[in-house]
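Student: Top line first, the protein sequences correspond to chains C and W. Every letter in the first sequence is one number past the one before it in the working numbering, and letter 211, counting from 1, is 1244. Every letter in the second sequence is one number past the one before it in the working numbering, and letter 393, counting from 1, is 1426.
There may be inaccurate statements among the hints.
Identical copies carry no separate label here, and so any pair may be met within one copy or between two of them.
Straight line, CA to CA, 25 angstroms or less: simulated SDA-like cross-link-like pairs of lysine to any residue [stated by the list, open to error]: (1) Lys1209 - Thr1184; (2) Lys1293 - Ala1168; (3) Lys1215 - Asp1238; (4) Lys1453 - Asp1238; (5) Lys1061 - Gln1412; (6) Lys1128 - Glu1483; (7) Lys1552 - Asp1305.
Read the hints as simulated data drawn from the structure, not as lab findings.
So the chains spell out like this:
Number of protein chains: 2
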Amino acid sequence: MNATKSNQLRWNNLDETHAFEKLRELPKPDLKQLLSAERISSHSIPTGGKLVYNYAAQPVDDLTVTALSELAVEQQLVEKYQALLGGETINTGEKRKVLHHLTRGELGGEVVESGKNLRSFYREQQQRITDFAEAVHKGEVCGSTGKPFKTVIQIGIGGSDLGPRALYLALLTYAKTTPGVKKMDARFISNVDPDDANEVLRDIDYESALFVLVSKSGTTQETLTNRQFAMEKMNAAGIQDLDPEQHMVAVTSETSPLAKSHDYLESFYIDDYIGGRYSSTSAVGGVLLSLAYGPDTFAALLEGAHEGDRAALEPNPRRNAAMMDALIGIYQRNILGMPVSAVLPYSQALVRFPAHLQQLDMESNGKSVNRYGEPVSYQTGPVIFGEPGTNGQHSFYQLLHQGTDIVPLQFIGFNQSQDKFDIVMDGAQSQQKLKANLAAQIVAFALGRENEDARKNFAGGRPSSLIYGERLTPQSLGALLSHFENKVMFQGFAWNINSFDQEGVQLGKILANQILSGKDLDPVIFAYTSLLRVR
Amino acid sequence: MNATKSNQLRWNNLDETHAFEKLRELPKPDLKQLLSAERISSHSIPTGGKLVYNYAAQPVDDLTVTALSELAVEQQLVEKYQALLGGETINTGEKRKVLHHLTRGELGGEVVESGKNLRSFYREQQQRITDFAEAVHKGEVCGSTGKPFKTVIQIGIGGSDLGPRALYLALLTYAKTTPGVKKMDARFISNVDPDDANEVLRDIDYESALFVLVSKSGTTQETLTNRQFAMEKMNAAGIQDLDPEQHMVAVTSETSPLAKSHDYLESFYIDDYIGGRYSSTSAVGGVLLSLAYGPDTFAALLEGAHEGDRAALEPNPRRNAAMMDALIGIYQRNILGMPVSAVLPYSQALVRFPAHLQQLDMESNGKSVNRYGEPVSYQTGPVIFGEPGTNGQHSFYQLLHQGTDIVPLQFIGFNQSQDKFDIVMDGAQSQQKLKANLAAQIVAFALGRENEDARKNFAGGRPSSLIYGERLTPQSLGALLSHFENKVMFQGFAWNINSFDQEGVQLGKILANQILSGKDLDPVIFAYTSLLRVR
């Protein structure tokens, strides 16, 4: 066991805990036996933003949940979350605090560093974004040729792209159908593939375009390349008086090369304590969302996330949805041996939310060493994938229902659609059909249905959980985001890994730069370089 | 063993073969030892459309490949493909032929049923589509108020959506940058979620909109609902003389309820021998692609696919890319025990291609019973997911590099971008950076890199294959599609499962309809129905 290395906290591996040993010895409950109407009504936990997490269709009984609760105590999940909130160096690998929660509110007291109150810093940035967005919306800040800005184009990759893009799309219909919300269109350039930038920029009116350049380090190859790409495109457009630099704002850390440039209309700051995949509620998402949907919408999203963060402080997992979700995920992964999990939102607005969760989860917990750099002897983060229902029902659900592996599912649904226009056909609205399909799938997966023809047999016993709410709004979206962030954090604590670094992305970068330099290529790299005609 | 049930073919389970036993006993080669420059240059196989499949970074040596070749012989992969091409009832569950190859060309002689030559039937439909598309492009066929059609909106779900959508997006930049190709814009409505139809239709000019309603059975709930949705929206728009029915064409089977309707401007036909996920090269994809990019572009796609189909007839897997890919997949799944595979196109144009492959693969091979309906005692189809590189590099690649499970990878890349505009920065074009990253990732995954700090250590030994070509064009896209279709088919043959039915999607439909009817709900279904307030 690793002794208390910081503030009375114990950082032990999962397989060093008594609870894990107990979990391994407990009988594995049969979901088909467990699931009942009573269970459905009693297995809900609120998770902020009026969202509720229901785990009735998970193969855990009271004994399992008790052992999982003991694991939560033993691994000090809440205490570690509190330490994180309080500004401890939880990202030990990079020796950094982990402060994305602080971008939406203060739950662990003041976090001060070198005399700088970091909550104040994040709020100050949010205020600067608000002021800037309002000035843009009023036309006080406009393009270099005098036209108002109408389209915002985010240039960023990974966490600077997936989260903001998923949130933008999640609120697009909401914004268009709620008076006064929709302010500007947004587009995104991420890939270094020139076809990405070319396509996004093809029909852009540069005079009314505002680029948001997002790179914490200020050194991201794709982002700097695409910045240059946009500049050259603008220059090539031959528009009189157009000054590309006056069409760009930067989001970066105060110490980055970008921050030192005066080439931008404005700069907004984050710091090293906001990991890319956790940065949607910082300036990384804030500039784009405040410009597109107004600062109030962004503030409501933060409020929802803050509510979710507060809910995650509850020590008892039976009343803490993010923690229960995390613990059940550990049970699926380490006791039931399930290597994949699918996220299935029954909401077209969440079309790219699974892609964001894929990064959030897989980049955070796809690790093989514990926080001390020692190899762990158990599985960590699963593969995450997903598409909206009902689309997926006509696609990969075949494998989910009848494949040889069991894939646990995470459903998301809402009572109301975002747009209120709906039709009635065959006695039901489209939204009712959507919800009927969601209810049907949960039951079909859990209980299956016997058929003498084995081809048509559904074995059932396929677990799922459900997060549902009244409507997908900025508040509920914020809470949903927070739920998954905190789930992933709790799992990282349970596995005793560092969920906040990403050393696994480094080698590819190094080799790519080596290839581009053309120097000292070993024969294997040279062979692939030749095959692909890189040079 | 199951005796020869049709035409001398043996339909044995994978674990009944000698080759599989041999594969289990063979030593497992170490990829890090295997990979060499010589191997990279000698492990390429053409796969049609000037594409090449390279498997140098797969952990198979000459002994493994020999055993896999024996498996191909023992499971009669080519003979079964030939039987399929010749019109045998390969989809035994539904007692149907499997004829998607015949939509692009004849490779197995004439397929005639009840005096009807089916190749002629598919060609006739293609010709009718060509004529119709040309008439639309010339303005001879136009909207009910006299405006030319400018936007085509496909209403379909699953196979009627994912494939056509992926192909449309894959050729969008190509079409826009190749003179004369781009004819019309396309949009897609699939989900029964009203937010999907509402958002797609929000800014549509109905007078110049042409809907393509795609449902083979003519009974798909989502598609009929969205047809009605579009009709009501059009009626509600209050445009004088607008006749919604004159803005819709149908793609369906000749025997479906839709085909009997005279409510459409035009109808095009498919039949039961074209499975949804294999239907992109039939009228299901043909109408949309011919309208959007012209019949010649669609014909070129068919030509590429036909080339791929022909290449897949080669009996020796060392010269048959689709077959080698299939066999290596079997090796990964059943010998190395890898349950997931990622598709990683280094081409932004292929942004939705992984979603199509996800359906193609998981719906085809996510089965637990063999073609006789007997349970199999080995794993079948893996989970498939993917996003374009370099985007994924800043996201889930962390887990792929350093996670506790090994996920085999399928890279796709091209020498040239679709749009010729590119910039040079730091001595390299964006397209060169893209290719450098691709080469770097293959090597990083395969070889890894040791580091004393375990956090920064890359164990390597993570297998990948690479499909690469000169440029993503209609021809190469067709060949790429064909490669994966034939790979999935060969794997189905090797596993002795029926890759062409999808019984696993039925139960959810039945339960959803039961919920909507509100009758005879059992307590569990009723409880979920209440929770989600379906009624």
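Student: Work down the list of hints and note, for each, if the structure agrees.
Tutor: Right, here's what the structure says about each hint:
| no. | hint | result |
| --- | --- | --- |
| 1 | Lys1209 - Thr1184 | both (15 angstroms within a copy, 22 angstroms between copies) |
| 2 | Lys1293 - Ala1168 | within (24 angstroms within a copy, 58 angstroms between copies) |
| 3 | Lys1215 - Asp1238 | both (19 angstroms within a copy, 21 angstroms between copies) |
| 4 | Lys1453 - Asp1238 | between (32 angstroms within a copy, 21 angstroms between copies) |
| 5 | Lys1061 - Gln1412 | both (19 angstroms within a copy, 22 angstroms between copies) |
| 6 | Lys1128 - Glu1483 | between (55 angstroms within a copy, 22 angstroms between copies) |
| 7 | Lys1552 - Asp1305 | neither (32 angstroms within a copy, 57 angstroms between copies) |
Of the numbered hints listed earlier, the single one contradicted by the structure is hint 7.
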